[in-house]
Amino acid sequence: MKNLKLKSARAAKDMSQQLLADVVGVSRQTINAIEKGDYNPSIKLCIAICKALGKTLDELFWE
Amino acid sequence: MTWEIIPVVLVIALVILFLATQAKKYGWRKAKYDERQMMIRMKSYMYANETMIVCALAYMSIGFFIKKPLTAPGIEALIIALIGVAVFTIYSIFHDAFFSLDKTGPGGAMSPLSYIILLVGIVAMNAIATVESIRSHELLKDGILTHRAIHPVFAVLFLVILISIGIKYFMNARESRGAEQ
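Residue numbers (our numbering), protein chains in the order written: chain Z, 1 to 63; chain H, 1 to 181.
The following block holds chain H by itself, in its conformation from the complex (with noise of 0.2 Å):
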């Protein structure tokens, strides 16, 4: 048992070398954002917290019929606070809000690539986890979504923030070269 933790902290030590690298070369500044980002930002959180709310609502409506749990402890919450972190990132990059205006990550110390590259290894890992778990029948015990379901919604939710963040990438593109003409 003790030798499958191994992996998990071989993986979290890479991110944390892989932050602390990035942050080395761009510093731990802090994102900047111009007075449009700044609003549509408030806005991507009170949408995003409008969200939590419907979906906790939703889920107790559900519990409220159906008596026996949809999930293991702990991670209906996970999913809602996750639904939320969908919202407020997605409506950010829509709105060119989610990049700073120098460019960095939304944290402030990683560039748009290095995000990025951070993003497709989480997918990779959880698309991973989430072929194994369905490989191993450990992803519905007796009709409950254990706590591995968060593999697959984790591979979902990063997955969608990459596309996102493609789409709006060929959009601006788009509208840049159209803008100056």
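In isolation and in its complexed conformation, chain Z is listed as follows (with noise of 0.2 Å):
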């Protein structure tokens, strides 16, 4: 299942994926992975995400 709110949490501190990757010390293509729905990221990551995004884990992560 795509991740929307993840990317339109990204486009709305209009951070392109590269450099929410740099942010958190992942590849591009881990980030494009977790928005396209391909790989579940760890808790370890999704809190590193949602700091970077300055959003929750509710916000970000949950249904």
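These are calculated hints, taken from the structure and not from any lab test.
A couple of the hints might just be wrong.
Claimed, not checked - Footprint (simulated), chain Z over chain H, 3 or more residues, beta carbon under 8 Å:
(1) 57-70
(2) 120-134
As the list claims (entries may be wrong) - Below, in silico cross-link-like pairs of lysine-lysine (DSBU-like), each with a Cα-Cα straight-line distance of 35 Å or less:
(3) Z:Lys36 <-> H:Lys68
(4) H:Lys32 <-> Z:Lys36
(5) H:Lys68 <-> Z:Lys13
(6) H:Lys32 <-> Z:Lys2
(7) H:Lys68 <-> H:Lys168
(8) Z:Lys51 <-> H:Lys43
(9) H:Lys68 <-> Z:Lys7
(10) Z:Lys2 <-> H:Lys25
(11) Z:Lys44 <-> H:Lys43
(12) Z:Lys51 <-> Z:Lys13
(13) H:Lys168 <-> Z:Lys51
(14) H:Lys43 <-> Z:Lys55
(15) H:Lys32 <-> H:Lys43
(16) Z:Lys44 <-> H:Lys141
(17) Z:Lys55 <-> Z:Lys5
(18) H:Lys24 <-> H:Lys141
(19) Z:Lys5 <-> Z:Lys51
(20) Z:Lys55 <-> H:Lys68
(21) Z:Lys5 <-> H:Lys68
(22) Z:Lys55 <-> Z:Lys13
(23) H:Lys43 <-> Z:Lys2
(24) H:Lys24 <-> Z:Lys36
(25) Z:Lys51 <-> Z:Lys7
(26) H:Lys141 <-> Z:Lys7
(27) H:Lys32 <-> Z:Lys13
(28) Z:Lys2 <-> Z:Lys51
(29) Z:Lys13 <-> Z:Lys2
(30) H:Lys43 <-> Z:Lys36
(31) H:Lys32 <-> Z:Lys51
(32) Z:Lys5 <-> H:Lys25
(33) Z:Lys36 <-> Z:Lys13
(34) Z:Lys55 <-> Z:Lys44
(35) H:Lys68 <-> Z:Lys44
(36) H:Lys67 <-> Z:Lys5
(37) Z:Lys7 <-> H:Lys43
(38) H:Lys141 <-> H:Lys43
(39) Z:Lys55 <-> H:Lys32
Every residue, glycine too, gets a C-beta built ideally from N, C-alpha and C.
Make the complex out of the two chains shown on their own, each in a separate frame, by following the hints.
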């Protein structure tokens, strides 16, 4: 299932996939895979993404 | 006979010199992969292992029916190992888990460009050796692949890896443009 909430939160912050990937220390393809729903990130990575985008886990990763 | 070994020693010395220069430039750092890449690399090892087992079983089955050996001793094992390497590498490349996060080569000491240059060198040398082996009729002896059969195998394997890197590079460039739009 696509993670549109993550994509829109990233777009709202005017961040590219590459920039977000650099901030959280993963590859751009990993961010792309999370947004496309191809990869389920670990809780550690979820928290890092939330901190980078100024969102909570519920806002980005809860249905 | 002894003078024939000189080019081999020279090539090995050149490769060591190239690697040492790269290591000095980039340092022998440990390649860093993210959690998704680590998972993909683990899967790649698994698929490579399974492929090698299937190849070994297939070769053993063939050997059961055809009593005559197909290759010189040791060549079949090397070919099976190289098939495993190919599976691991290609799966990793197409899942973006081959080059590390800091864009070094798989060993962590080379940039992708240096790695590609090294691969081109290996392909070229083995292609030349293959042509030479065919010309001198040394590839087959009494219907058995000689040790020289390793040259075309190396050439094809590294060429396939090079092509995979090229295809993935263009796929990523297109995907990256799409993602930013």
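Tested hints:
{"no.": "1", "hint": "57-70", "in the structure": "violated (count 0)"}
{"no.": "2", "hint": "120-134", "in the structure": "violated (count 0)"}
{"no.": "3", "hint": "Z:Lys36 <-> H:Lys68", "in the structure": "violated (53 Å)"}
{"no.": "4", "hint": "H:Lys32 <-> Z:Lys36", "in the structure": "holds (24 Å)"}
{"no.": "5", "hint": "H:Lys68 <-> Z:Lys13", "in the structure": "violated (68 Å)"}
{"no.": "6", "hint": "H:Lys32 <-> Z:Lys2", "in the structure": "holds (27 Å)"}
{"no.": "7", "hint": "H:Lys68 <-> H:Lys168", "in the structure": "violated (41 Å)"}
{"no.": "8", "hint": "Z:Lys51 <-> H:Lys43", "in the structure": "holds (30 Å)"}
{"no.": "9", "hint": "H:Lys68 <-> Z:Lys7", "in the structure": "violated (61 Å)"}
{"no.": "10", "hint": "Z:Lys2 <-> H:Lys25", "in the structure": "violated (41 Å)"}
{"no.": "11", "hint": "Z:Lys44 <-> H:Lys43", "in the structure": "holds (21 Å)"}
{"no.": "12", "hint": "Z:Lys51 <-> Z:Lys13", "in the structure": "holds (12 Å)"}
{"no.": "13", "hint": "H:Lys168 <-> Z:Lys51", "in the structure": "holds (31 Å)"}
{"no.": "14", "hint": "H:Lys43 <-> Z:Lys55", "in the structure": "holds (32 Å)"}
{"no.": "15", "hint": "H:Lys32 <-> H:Lys43", "in the structure": "holds (17 Å)"}
{"no.": "16", "hint": "Z:Lys44 <-> H:Lys141", "in the structure": "violated (59 Å)"}
{"no.": "17", "hint": "Z:Lys55 <-> Z:Lys5", "in the structure": "holds (10 Å)"}
{"no.": "18", "hint": "H:Lys24 <-> H:Lys141", "in the structure": "violated (45 Å)"}
{"no.": "19", "hint": "Z:Lys5 <-> Z:Lys51", "in the structure": "holds (15 Å)"}
{"no.": "20", "hint": "Z:Lys55 <-> H:Lys68", "in the structure": "violated (68 Å)"}
{"no.": "21", "hint": "Z:Lys5 <-> H:Lys68", "in the structure": "violated (63 Å)"}
{"no.": "22", "hint": "Z:Lys55 <-> Z:Lys13", "in the structure": "holds (11 Å)"}
{"no.": "23", "hint": "H:Lys43 <-> Z:Lys2", "in the structure": "holds (23 Å)"}
{"no.": "24", "hint": "H:Lys24 <-> Z:Lys36", "in the structure": "violated (39 Å)"}
{"no.": "25", "hint": "Z:Lys51 <-> Z:Lys7", "in the structure": "holds (15 Å)"}
{"no.": "26", "hint": "H:Lys141 <-> Z:Lys7", "in the structure": "violated (61 Å)"}
{"no.": "27", "hint": "H:Lys32 <-> Z:Lys13", "in the structure": "holds (27 Å)"}
{"no.": "28", "hint": "Z:Lys2 <-> Z:Lys51", "in the structure": "holds (20 Å)"}
{"no.": "29", "hint": "Z:Lys13 <-> Z:Lys2", "in the structure": "holds (19 Å)"}
{"no.": "30", "hint": "H:Lys43 <-> Z:Lys36", "in the structure": "holds (20 Å)"}
{"no.": "31", "hint": "H:Lys32 <-> Z:Lys51", "in the structure": "holds (22 Å)"}
{"no.": "32", "hint": "Z:Lys5 <-> H:Lys25", "in the structure": "violated (42 Å)"}
{"no.": "33", "hint": "Z:Lys36 <-> Z:Lys13", "in the structure": "holds (19 Å)"}
{"no.": "34", "hint": "Z:Lys55 <-> Z:Lys44", "in the structure": "holds (14 Å)"}
{"no.": "35", "hint": "H:Lys68 <-> Z:Lys44", "in the structure": "violated (57 Å)"}
{"no.": "36", "hint": "H:Lys67 <-> Z:Lys5", "in the structure": "violated (63 Å)"}
{"no.": "37", "hint": "Z:Lys7 <-> H:Lys43", "in the structure": "holds (27 Å)"}
{"no.": "38", "hint": "H:Lys141 <-> H:Lys43", "in the structure": "violated (39 Å)"}
{"no.": "39", "hint": "Z:Lys55 <-> H:Lys32", "in the structure": "holds (27 Å)"}
Hints 1, 2, 3, 5, 7, 9, 10, 16, 18, 20, 21, 24, 26, 32, 35, 36 and 38 from the list above are not met by this structure, while the remaining hints are.
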